[in-house]
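**Student:** Those protein sequence lines, which keep their order, are chains A and B. So for the first sequence, numbering that gives the first Met the number 0 puts the first residue at 0; every next one is plus one. So for the second sequence, numbering that gives the first Met the number 0 puts the first residue at 0; every next one is plus one.
Source of the hints: derived by calculation from the structure; they are not laboratory data. Computed from a predicted structure; not experimentally measured. Be aware that a few hints might be false.
Since copy identity is lost for identical chains, a pair holds within one copy or between any two.
Under the rule of at most 30 Å between Cα atoms (straight-line distance), these lysine-lysine pairs were calculated in the DSS-like manner [unchecked claim]:
(1) Lys-436 to Lys-677
(2) Lys-824 to Lys-757
(3) Lys-754 to Lys-829
(4) Lys-678 to Lys-667
(5) Lys-495 to Lys-678
(6) Lys-725 to Lys-710
(7) Lys-770 to Lys-575
(8) Lys-754 to Lys-177
(9) Lys-70 to Lys-294
(10) Lys-824 to Lys-601
(11) Lys-579 to Lys-354
(12) Lys-829 to Lys-710
(13) Lys-484 to Lys-677
(14) Lys-495 to Lys-13
(15) Lys-757 to Lys-161
(16) Lys-824 to Lys-606
(17) Lys-568 to Lys-166
(18) Lys-436 to Lys-679
(19) Lys-754 to Lys-824
(20) Lys-288 to Lys-725
(21) Lys-770 to Lys-824
(22) Lys-166 to Lys-288
2 protein chains.
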Amino acid sequence: MAHKWVYLFEEGNKDMRDLLGGKGANLAEMARIGLPVPPGFTITTEACNAYIAAGNKFPEGLWEQVLEALKKVEERTGKKFGDPNNPLLVSVRSGAKFSMPGMMDTVLNVGLNDETVEGLIRLTNNERFGWDAYRRLIQMFGSIVMGIPDEAFDEVMEELKKEKGAKLDTDLTAEDLKELVERFKKVFKEHTGMDFPQDPYEQLRLAIEAVFKSWNSDRAIAYRNATGIPHDLGTAVNIVTMVFGNMGDDSATGVAFTRDPSTGEKVFWGEYLVNAQGEDVVAGIRTPKPIDELKKEMPQAYEQLLEIREILERHYKDMQDIEFTIERGKLWMLQTRNGKRTARAAIKIAVDMAKEGLISKEEAVMRVTPEQVDTLLHPQFDPEAKEKAKAEGRMIATGVNASPGAAVGVLAFDADTAEKWGKEEGKDVIMIRPETKPDDVHGMIASKGILTSRGGATSHAAVVARQFGIPAVVGCEDLDIDLDKREVRAGDIVLKEGDVVSIDGTTGEVFAGAIPTVYPDFEKEVDLMTLLEWADEIAARPDVRVWPEEKSMYPTRGLQVWANADYPKDAERARKFGAKGIGLARTEHMFFEEERLPIVQKMILAKTPEEREKYLEQLLPFQREDFRGLLRAMAPYPVIIRLIDPPLHEFLPSYEELLREVIEMEVKGETGPELEEKKKMLAAVEAMREANPMMGLRGVRLSIIMPEIVKMQVRAIFEAACMEKKAGYDVKPEVMIPLVSHVNELTTIQTELEKVAKQVMEEQGVEVEYKFGTMIEIPRAALTANEIAGVAQFFSFGTNDLTQMTFGFSRDDAEAKFLIDYVEKGILPKNPFQTLDVDGVGQLIDMATFRGRTSRNELEVGICGEHGGDPESIHFCHKAGLNYVSCSPFRVPIARLAAGQAAVKDLRSRGAEETYLA
Amino acid sequence: MAHKWVYLFEEGNKDMRDLLGGKGANLAEMARIGLPVPPGFTITTEACNAYIAAGNKFPEGLWEQVLEALKKVEERTGKKFGDPNNPLLVSVRSGAKFSMPGMMDTVLNVGLNDETVEGLIRLTNNERFGWDAYRRLIQMFGSIVMGIPDEAFDEVMEELKKEKGAKLDTDLTAEDLKELVERFKKVFKEHTGMDFPQDPYEQLRLAIEAVFKSWNSDRAIAYRNATGIPHDLGTAVNIVTMVFGNMGDDSATGVAFTRDPSTGEKVFWGEYLVNAQGEDVVAGIRTPKPIDELKKEMPQAYEQLLEIREILERHYKDMQDIEFTIERGKLWMLQTRNGKRTARAAIKIAVDMAKEGLISKEEAVMRVTPEQVDTLLHPQFDPEAKEKAKAEGRMIATGVNASPGAAVGVLAFDADTAEKWGKEEGKDVIMIRPETKPDDVHGMIASKGILTSRGGATSHAAVVARQFGIPAVVGCEDLDIDLDKREVRAGDIVLKEGDVVSIDGTTGEVFAGAIPTVYPDFEKEVDLMTLLEWADEIAARPDVRVWPEEKSMYPTRGLQVWANADYPKDAERARKFGAKGIGLARTEHMFFEEERLPIVQKMILAKTPEEREKYLEQLLPFQREDFRGLLRAMAPYPVIIRLIDPPLHEFLPSYEELLREVIEMEVKGETGPELEEKKKMLAAVEAMREANPMMGLRGVRLSIIMPEIVKMQVRAIFEAACMEKKAGYDVKPEVMIPLVSHVNELTTIQTELEKVAKQVMEEQGVEVEYKFGTMIEIPRAALTANEIAGVAQFFSFGTNDLTQMTFGFSRDDAEAKFLIDYVEKGILPKNPFQTLDVDGVGQLIDMATFRGRTSRNELEVGICGEHGGDPESIHFCHKAGLNYVSCSPFRVPIARLAAGQAAVKDLRSRGAEETYLA
């Protein structure tokens, strides 16, 4: 028995998308549930693949099955394909699993020829309609199936209209259209060397083959490459009985959405044209009418449509995008599919449908993508204005999309100017630098956007920008920045300081001039707030996880979303966005502030511990105030404060700059105290230089060699905590020790620091709840997590460093030199600094979590690297049984959604029954 | 019943060292096998610990058991402790498990007092002997038990001698000695406030307590800290009946070794003194006679000694160090223990004893330490000459002992001078630099020794020196090198270029002037050659290993020793030392040679792949010749050639130097082509700079971005291999791709390179046996080894980089900034770059080996980091089931011994039966 290549609509259903494509499966489904679908059938995607595999030959049995199916359609319609007396006409449409530009679209009216056109005229008693249908077939078949350029037909049409003095197509008479058919046939012959096929079966066969071939058109392949759709899916072909919306004023055609795709409101939304074919709606020659008017024009059809709208939504449990035709008063459904919608609509529809009881809250959470949430949170350029700017040639460069959002402002070429303009003069500033340094931060945070010509997604500019939610485009190599002239060149365009630019941190685009933006307000997004609360509830449900080496399941306590925040205002923002704790507060950022940095430098250059402690005492009050604000903002949630992490030379001037200054002074023969001072500083910086500072004297290593700094920090933390506790806040400080590779490092320093903590609490006469714990960011720490958890009360995966060490990639260098190539060449599926490498780094996280909990059951485990805000990585964190993910405040809503989705996906993947939220 | 604290000699044996200490166990053993040991008993180490734990109180039952044992000794000897008629005298000696300076030594003649001395005189009929024995007791008891300074007794003795006009002690008469007893008693009273105890039991009790207390003397604690002996072992106390070698000319005392401890020859070796006590031999007041003369003086005792020598060697199966006393013609054995010996003697004795059938070959291999083998291979300073130089104040500095061995030569302050003097003028040169760089190598290899003032054990100087077996002392911070004046200061001493220095790379010492050295010749060390062949055989035996996650055993093929060698002459040396393959040939070293570097630089700076290939074509013949030599030298053993690994900027001038030059020229207002050229180079170098070059664009990453270089290298390798094959050599090239973190990297580049290999073999018309494989030096590679072994035919653990990434330590930075502190503070047990970190890095090696072999059963797995030459690490490699360890040629003999020992240890630890070699 031959393989089954063809399915009548009544044989399929909506779950057969793989085989029948999206369109075919939905036509079948509509037929199955009794909606008025014109009879027809679908040729499977397997047939397409077999056709291609055989070198463009129909597989055995296909044509016979097509003929057989056609016979069934003839029976159903009472018409006959190619019968001049009662001709059956069909449309041939492609329909892959995923809709895809570049594929052959639709050929209508297949089955018409010189004889059947006469039959059609007789039957419809409408000569003009008949010839119009025929000329449309020749035109569509010619251009779509045979590849004749559209212009060839358009020219002939225009010529005829000129001859006849016709302004519109509709001004042409039946006679004119009959003449047009003849002329189109000539065009067809000229271009293809053959006559327009009179055999309807020949028409059908060629149209089917054209659909098959279009699967591998250049444009289709490029689209699949770009979107990651596999190349071996193939397309289905739908053969559908023609129905005509252009048979007079009792006929119409239209498209509609079951809800408003722009706002998500539950209103019937769409438009239609009377006496028109579907292509006329799309072509926009006549302006369609809003669907409401159909109620007056064709009340019966309208009522039926409203009913079908209800049926489809109840059936598909999602907003539908439908196509319909009314032929002489009878409604036919030609397509239904889940409708595309804006981010805002997606959220409203999901929430509404859950409230309506149509879908579960879990399903509502699954209906919205993290990107859609993101869209709602960052200022966005008005898309039309952006397109216009591009058309005007105002896009001057593209770079790395380092921190999402849109920003418009005047260019400032240094941090001081940016701060002055931004803070004092209230201007919107875009700070532009070749790259940024820690002492630029005051200017950066006073800016609306950051633009650099060097550095990657982890450059200083990028990290700071993300941290503060400032849109940034970095590494714009097309920009030639001249700091002396205070101007930037991009090709021929020169922009001066004070000129306006617009940067899109979501896409990496840079524009000259202003582009209008749209700003969202989180607290007004009530549907989003609702949805995220559901996501929280779902994510927080206890679950189970499986440790590969053990093959048994153990319970977990659900995944929370925390935030990384260094300043009280970040913490407040994070809390507003729904964070349940601070997973990472970086204390060193506090050292860079203007009044503190000179003290920090003196502290670093101190010759004795005593001298160092003198300066540390000056720093203590600053740190204590920082911590008070943080702890208070988050109470009663925990705040994890990381002790100083970077190498000390980061707080000193750059070696190269000092070297340059000293040499210049020396060559010029200068002498005196300034030179001596600089030389001293140069010597100090040189002594601290490291070959690979990322793996050098920093983190816990620094604390062990020079414990005074962290002792001061712990004192500041506990003084702050005690004061807040006394002020009535239920604060929960957690002290995090970074860069541990061996348990002895932790034991050594933690013992010292706990002493300080206890001493402070005694001095202050108050007890606070606290934890000491560590980052897991070194492979060895993960491998020996059982030992480390014997000391640490919590683990926080620093997945940036952990990824660096596990891959042996220095992120700055890798992103600048080879990582983009790696992803382009498919060597790595994704940038592992953006999406967690589950196969490698993930093994270490799994191992560390399991081993850590084996030695300390209640171990709190989270992740505070940038991956904490990446949905795919969050899914992994859920599976690994982590307690929380911590990300930048602006990613918190996205992470909350992703955490909820992870819980649902995981449940579903295990085939577990979905627990419906009340 | 009370705990047993006391063992009579006849109750113990040699296996009770833990309880009875080394001396006690051996005395018991000798008694047990019927040798003439004076009756006595041992107080256990447990008693010592109980005494200390109770706050210096005898535990219950101890004193009673001592008295009981003493009674048994009285019965055995027929004498009575404290009985004036027939007094029993005893010695009290400490005896811990390990011999240990700082512990109380020996008190002789315990039991003498004003009454028993008279009895002794009556019995021996020797008044002088009696009073001499008594004064010795007061002196020893006073100084050793009561802590009276020796000088107090010495002064009194000298005073008396002056009064009596006596020159030697022996000139003093019985009467004089009686007087001395009185004066010593006064000294005793003055210093202790009490009379010398007349009660023999009081003497005994105090002496025992003194031994116990000495366990925790400052010196003993310091010694245990330094040598890693646990503090809870405690010491035993031996109470032995006194026998006297000073009872006349028929009495004597001596020490002997059963073989020559210096050469290992099988001759009876020792010395004795007639009419003397043991302490006189040690004190060196009279010159002892060689043991041979005893044959004439006391033939009967001598014969008995020879017999005992045989018995002891057969019994202990090792060379013994014995103490004996002859009392009135009767031989008494006072001690036996395994004798200390020189490295050469250790080897000869082990080999001889195995040949004599006394021990197995396995045991022979276990009898020699890797350090002893090392001693035999490096030139050594004559120890006496070195001590003399120190006494003369010629030791001017100490640094890091970076590469072992002694070197003497004239100072050269740059590489060109070193090369000129060393190569052309045939001088012995010590090259001195603040630190070295790749373009110094030509001078370094022309030198006998390397001396630097900066850098650690992994600095460029250290690594190159070890590679070439050149002694080196690095990081001598005491040295102030002035390159302009071409002189070096160390405190007040100034040495000029051309002055002679001596450096000891084994100890890190630096001397002004020449110190004579002793050079070994490997091939003349026939015993060592024999021993290492046995070690090879043992190591090569198939074994089993256990993978922790699986709990089942799988077979392994035994561990070979290969060498790391970049040049044919290194390969030849490695082969002479017994290497069975080259585990790592670094191709980039070949790029640094003088005539090649300019081509390499042009290649790197090439603007197009075509231009780059032009220069690569010029490099190809050089590389091909290098590879021909290497492959030929090792045929038919495999040679693993690693493709280019370091970042390209290492081949270009240093950024700082260029920057300095350019700034200087600019400030001076210079212009012209030279400045332009330098600026261009500066720009190129700047573009290649990386934040953390160790983790940047190098290894396979470089090959993927710029495949032309490795294609040239693979072409050179296969052209070389084909040519040598045609010349009749059975060459086995293996191509190693470094720094892989993801299997796709390997797949991408290996596919390209195998094409080149096949093309060359086709061109040359000959097939060679080859492999492609990879370094495992990135944690991710180890974690995903199953995937990687699907492509790689061999793994080679680059444990330097693997340790760096696993710990997150940049070795250069870590050793310079904190690693020494870490080891000193006990945070890390050892420097993990010298001895493999089994707990962390070892897990990855285990995992990768197991997972790799799971997907490719015949996977060849080895290690080529510096750990390959470290005995402890080699032991781990054996247990991990590796096929080979690869180390620098000079470490090969040491590694061979360590590999054999690892196999034996592992078998023994599993309780498996030892297979005796034929």
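**Student:** If the cut is 30 Å between Cα atoms, do Lys-824 and Lys-757 qualify within a copy, between copies, both or neither?
**Tutor:** between (55 Å within a copy, 24 Å between copies)
**Student:** Is it within a copy, between copies, both, or neither that the alpha carbon of Lys-757 lies no farther than 30 Å from that of Lys-161?
**Tutor:** For Lys-757 and Lys-161, neither the intra-copy (96 Å) nor the inter-copy (69 Å) Cα distance is at most 30 Å.
**Student:** If the cut is 30 Å between Cα atoms, do Lys-568 and Lys-166 qualify within a copy, between copies, both or neither?
**Tutor:** Neither: 65 Å inside a chain and 93 Å across chains, both beyond 30 Å.
**Student:** As a check of your reading, is Lys-770 near Lys-824 (CA-CA no more than 30 Å) within one copy, between copies, both or neither?
**Tutor:** between (45 Å within a copy, 26 Å between copies)
**Student:** Between the shortest in-copy and the shortest cross-copy C-alpha distance, which are at most 30 Å for Lys-70 and Lys-294: within, between, both, or neither?
**Tutor:** Classified as neither: same-chain Cα gap 37 Å, cross-chain 127 Å, threshold 30 Å.
**Student:** One pair to classify: Lys-484 and Lys-677, alpha carbons no more than 30 Å apart. Within, between, both, or neither?
**Tutor:** For Lys-484 and Lys-677, both the intra-copy (27 Å) and inter-copy (25 Å) Cα distances are at most 30 Å.
**Student:** Go through the copies and call it for Lys-829 and Lys-710: within, between, both or neither, with a Cα cutoff of 30 Å.
**Tutor:** between (41 Å within a copy, 27 Å between copies)
**Student:** First find the shortest C-alpha distance between Lys-725 and Lys-710 inside one copy, then the shortest across copies, and answer within, between, both or neither for a cut-off of 30 Å.
**Tutor:** within (22 Å within a copy, 71 Å between copies)
**Student:** Could you figure out if Lys-288 and Lys-725 sit no more than 30 Å apart (CA to CA) within one copy, between two copies, both or neither?
**Tutor:** neither (68 Å within a copy, 87 Å between copies)
**Student:** Can you tell me if Lys-495 and Lys-13 fall within 30 Å by alpha carbon in one copy, between copies, both or neither?
**Tutor:** neither (59 Å within a copy, 92 Å between copies)
**Student:** Check Lys-579 against Lys-354 for me: Cα-Cα at most 30 Å, and say if that holds within a copy, between copies, both or neither.
**Tutor:** Answer is within: at 26 Å inside a copy they meet the 30 Å cutoff, but 76 Å across does not.
**Student:** Can you give me the call for Lys-754 and Lys-829, within, between, both or neither, at a CA distance of at most 30 Å?
**Tutor:** So Lys-754 and Lys-829 pass the 30 Å test across copies only (28 Å; inside, 45 Å).
Checked against the numbered hints above, the structure violates hints 8, 9, 14, 15, 17, 20; every other hint is satisfied.
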